[in-house]
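Q: Construct all of the structure, not just a fragment, from the sequences and the given hints.
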Amino acid sequence: MNIPTALILFRLLLAPIILALAYFIGESSKTLILILMYLGLVSDILDGIIARKQNISSAKLRRMDSQTDMIFWLSIGFATWILYPQLIADNSIVICTILVMEVACYAISIIKFKKETCTHAFLSKLWGITLLIAFTSLIGYNHAGVPFTLAIIMGLISHVDRILITLILPKWTHDIPSAYHAYLIRKGIKFKRNEYLNG
4 MNIPTALILF RLLLAPIILA LAYFIGESSK TLILILMYLG LVSDILDGII ARKQNISSAK
64 LRRMDSQTDM IFWLSIGFAT WILYPQLIAD NSIVICTILV MEVACYAISI IKFKKETCTH
124 AFLSKLWGIT LLIAFTSLIG YNHAGVPFTL AIIMGLISHV DRILITLILP KWTHDIPSAY
184 HAYLIRKGIK FKRNEYLNG
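First residue of the sequence shown: 4, per this note's numbering; consecutive thereafter.
Because the hints were derived from the structure by calculation, they are not lab data. Yeah, the Cβ is synthetic: ideal placement off N, Cα and C, and Gly gets one too. Don't take each hint at face value.
Cβ-Cβ distance ranges computed for the label pairs, FRET-style [said to hold, decoys possible]:
no. : residue 1 : residue 2 : range
1   : P88       : K193      : 43 to 51 Å
2   : H146      : A62       : 33 to 41 Å
3   : G143      : R189      : 38 to 46 Å
4   : I192      : V106      : 26 to 34 Å
5   : P19       : I96       : 25 to 33 Å
6   : K63       : Y144      : 13 to 21 Å
7   : D93       : K195      : 40 to 48 Å
8   : Y144      : L102      : 18 to 26 Å
9   : I53       : P19       : 44 to 52 Å
10  : L90       : K193      : 23 to 31 Å
A: In structure tokens, the structure reads:
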């Protein structure tokens, strides 16, 4: 097993651990959950960097990375719901909107290409940063506020970008920085993806 695959599997393993901590230990586990969340983020950054350094950044690896990311962040979200159900209930409409858009991203890609979406877009990476800050506030301090609002706004924008990427692309491919770059691909204009994507 290579290092990038091991890092992806490590992040996948964190998901049930995080859920178990929230369910069985409760609020007293929030510090540990946050530590595991940050470790997961570090593994997400490193797997892409190492894969490119070792020249093993294949479509299969990137698809595995993308699906693991989704499972990992969902586990963080469900852990937050377990710990602070009222906090999630108070913001259920916008959370459901993001989840519906996530489903739409996958549905459109599967309908069009018979494969799940795997863009690793730049705006999605920015959304990941805002999610990290928002979940730190939610889990660590039982507070939504500005960090949560920013994460929701960034989530909506990044999902629109991902949907546009899928609609614009003439055929399925992975690691597309933005809808603009999908347009470049459609027009046959080359660009260096690694200049935009680092994780």
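Q: Are any of the numbered hints broken by this structure? If so, which, sorted upward?
A: 6, 9 and 10
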